[in-house]
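> Chain residues, written in single-letter form:
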Amino acid sequence: MNNGQILDKLKGRYPESIIGSDEFRGDLTVNVRKDDIVRVGEFLRSDPDLSFDLIVDACGVDMYRPEERFEVVYNIYSLKNKRYIRLKVRVGEEDPTVPTVTGVWPGANWHERETWDMFGIKFAGHPDLRRLYMPEEFEHHPLRKDFPLMGIPDSLPLPRR
Amino acid sequence: MAARPPEEIKMTPILKALEDQDTSFTYDPLENAMVLNMGPQHPATHGVLRLLVKLDGETVVASVPELGYLHRGYEKIAENSTYHEFIPHTDRLDYLSPLSNNVGYVLAVEKLLGIEVPERAQYIRVLVCEMARVASHLVAVGSMGMDVGALTVLLWTFREREKLLDIFDVLCGARFTTSYTRIGGLQRDWPDQCTAMLDIFLKEFDEDLAEVEYLLRTNRIFVDRCEGVGYVSQADCIALGLTGPLLRAAGVPHDLRRDNPYLVYGKFDFNVVTATESDALARFYVRIAEMKESARILRQALGTLPGGPFNAMEPKRVLPKKERTYTKMEELIHDFMLVNIGIDPPVGEVYQAIESSKGELGFYIVSDGTGQPWRMKIRSPSMSNLQSLPMMLKGGMISDIVAVIGSVDPVMGEADK
Numbered sequence: 001m002n003n004g005q006i007l008d009k010l011k012g013r014y015p016e017s018i019i020g021s022d023e024f025r026g027d028l029t030v031n032v033r034k035d036d037i038v039r040v041g042e043f044l045r046s047d048p049d050l051s052f053d054l055i056v057d058a059c060g061v062d063m064y065r066p067e068e069r070f071e072v073v074y075n076i077y078s079l080k081n082k083r084y085i086r087l088k089v090r091v092g093e094e095d096p097t098v099p100t101v102t103g104v105w106p107g108a109n110w111h112e113r114e115t116w117d118m119f120g121i122k123f124a125g126h127p128d129l130r131r132l133y134m135p136e137e138f139e140h141h142p143l144r145k146d147f148p149l150m151g152i153p154d155s156l157p158l159p160r161r
Numbered sequence: 001m002a003a004r005p006p007e008e009i010k011m012t013p014i015l016k017a018l019e020d021q022d023t024s025f026t027y028d029p030l031e032n033a034m035v036l037n038m039g040p041q042h043p044a045t046h047g048v049l050r051l052l053v054k055l056d057g058e059t060v061v062a063s064v065p066e067l068g069y070l071h072r073g074y075e076k077i078a079e080n081s082t083y084h085e086f087i088p089h090t091d092r093l094d095y096l097s098p099l100s101n102n103v104g105y106v107l108a109v110e111k112l113l114g115i116e117v118p119e120r121a122q123y124i125r126v127l128v129c130e131m132a133r134v135a136s137h138l139v140a141v142g143s144m145g146m147d148v149g150a151l152t153v154l155l156w157t158f159r160e161r162e163k164l165l166d167i168f169d170v171l172c173g174a175r176f177t178t179s180y181t182r183i184g185g186l187q188r189d190w191p192d193q194c195t196a197m198l199d200i201f202l203k204e205f206d207e208d209l210a211e212v213e214y215l216l217r218t219n220r221i222f223v224d225r226c227e228g229v230g231y232v233s234q235a236d237c238i239a240l241g242l243t244g245p246l247l248r249a250a251g252v253p254h255d256l257r258r259d260n261p262y263l264v265y266g267k268f269d270f271n272v273v274t275a276t277e278s279d280a281l282a283r284f285y286v287r288i289a290e291m292k293e294s295a296r297i298l299r300q301a302l303g304t305l306p307g308g309p310f311n312a313m314e315p316k317r318v319l320p321k322k323e324r325t326y327t328k329m330e331e332l333i334h335d336f337m338l339v340n341i342g343i344d345p346p347v348g349e350v351y352q353a354i355e356s357s358k359g360e361l362g363f364y365i366v367s368d369g370t371g372q373p374w375r376m377k378i379r380s381p382s383m384s385n386l387q388s389l390p391m392m393l394k395g396g397m398i399s400d401i402v403a404v405i406g407s408v409d410p411v412m413g414e415a416d417k
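So the sequences go chain by chain: B and C. Residue numbering for the first sequence follows our numbering, beginning at 1 and increasing consecutively. Residue numbering for the second sequence follows our numbering, beginning at 1 and increasing consecutively.
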């Protein structure tokens, strides 16, 4: 299956969930409506022709724009078709909550924890949404564009004596 | 039945995550469960992995891995440095195979730019990737043997690895912090001395590897401690997103070198090694067999290494040679612009992955058209692979933990980024 066929199949099943798509250097990117990501993911995984079963990566991107500031990007691989697909969800700053896809791909667990840690994007229904890298007491989300490169003084608590 | 922690112990989030885990498979009438903190400074956790383990006697009931003790914020650094400036940082990701990180990163940038490097550079990149894989697997096998008590093997594998590190030393002037690749090419050409050294290494390698394998294969203690330990079913491996030797040891013949060929891997004849047992011993055998396949690729690549340039003819994007920078006006201007402002990539986003020794090492780059990436995500295989640790440890013995961690072969430098 090539990218066009994958996209046609996806659009045929959920025409209203797919907001847009893009192909750059052979990579297929599909923009999905935020509330439909679980539904689209489940279809991509369980459809016998598509069979996007291996979650490679999920991460956040801070686009630093007034509306729909953050993007959550999922890179999924199909062991059967040997192809990648990239799903993209946009989420605003006021309520940065995205439904979790751990029910579809359990491997998304830590990737979503990392996204929460780095961007402050919450994943509704996530089984264990703790910070992955930074300490629990840390209040900021370092990969946001408004977090300074050199860090914020005194933001990292020292261990108790 | 979960044991209650004493009242004075503070319920930290990680302890709560441990208590929340499903422990329904054991029956603990005496409530003698114990919580053990392993790491981050434990010799068998391969760096700074911390593991919170809940034990019933000697049986592991539940476990929670904790990352972040080596978090250096490389993705933030990448956003604030030019594409060239980030190359030395890739050495520090998977510090056991820095050369394959170098290659993986520049391949992603070259995919963004649309640069095709000359054939000689592609062959050299294959050579260094496979040498890095052998060096990394040698450490994996040796330290796994050491973790379960076979100390001799570590010295034997390190002896072999030392020969490879000597080649790296001649090739790029450093044993570990190689920074060998450049966007659009390489730092320097492959010297004839390296060909001679690699020839000698390959002549002895099969025999030496057979010795290492024999030493472990016939070691009753090693086999008993690894057989059937750390089992994950094939379906769980795929669901958790495991890649590399772990996935192949579960019987999934997934190898990006063959499935999504990059560089010139399509030209070489090699097998994708799989096993079906999906335990620590199977992972050991997969790694041993992969080293043999890597040696095959190295022989083929060395035999057919073409001549020609090793840098792409893209003066606006590829760093010029140093001696020309010092003597030619155009090159000086290009060098100045590339170093101070950076390359001018198109707006777009790419994901490029290579099969590193641990699994799928990918770089996802979002470019806004300036000299610095807007966002760069490092998809590190060690982090994804570590996710399977609670599943592998559950129901096993406490002494199996070191064997399982050894078989996963995590490198915390890339898991923590």
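No lab work stands behind these hints: they were computed from the structure. Just so you know, these numbers come straight off a predicted model, no measurement behind them. Backbone N, C-alpha and C fix where the C-beta goes; we use that ideal spot for every residue, glycine too. Among the clues, some could well be false.
[As the list claims (entries may be wrong)] On the chain B side, residues computed to face chain C include the following (Cβ under 8 angstroms):
1) L7
2) D8
3) T29
4) L54
5) V56
6) K82
7) Y84
8) W110
9) L129
10) R130
11) M134
12) E136
13) E139
14) P142
15) L143
> None of the hints should be skipped; say for each whether it holds.
Structure-based check of each hint:
1. L7: At 17 angstroms from the nearest chain C Cβ, L7 of chain B fails the 8 angstroms test, so the hint is violated.
2. D8: 22 angstroms, violated
3. T29: Given a least distance of 7 angstroms, the restraint on T29 of chain B holds.
4. L54: 6 angstroms, holds
5. V56: 6 angstroms, holds
6. K82: With a closest approach of 4 angstroms, the K82 of chain B hint holds.
7. Y84: At about 6 angstroms, which falls below the 8 angstroms cut-off, the nearest Cβ of chain C leaves the hint on Y84 of chain B intact, so it holds.
8. W110: 5 angstroms, holds
9. L129: It is violated, given that the least Cβ distance between L129 of chain B and chain C is near 10 angstroms, above 8 angstroms.
10. R130: Since the shortest Cβ distance to chain C is 5 angstroms, the answer is holds.
11. M134: Interface hint status for M134 of chain B: holds (6 angstroms vs cutoff 8 angstroms).
12. E136: Interface hint status for E136 of chain B: holds (5 angstroms vs cutoff 8 angstroms).
13. E139: Since chain C brings no Cβ nearer than about 14 angstroms to E139 of chain B, farther than 8 angstroms, the hint is violated.
14. P142: 6 angstroms, holds
15. L143: 6 angstroms, holds
Of the numbered hints given earlier, the model fails hints 1, 2, 9, 13; all others are met.
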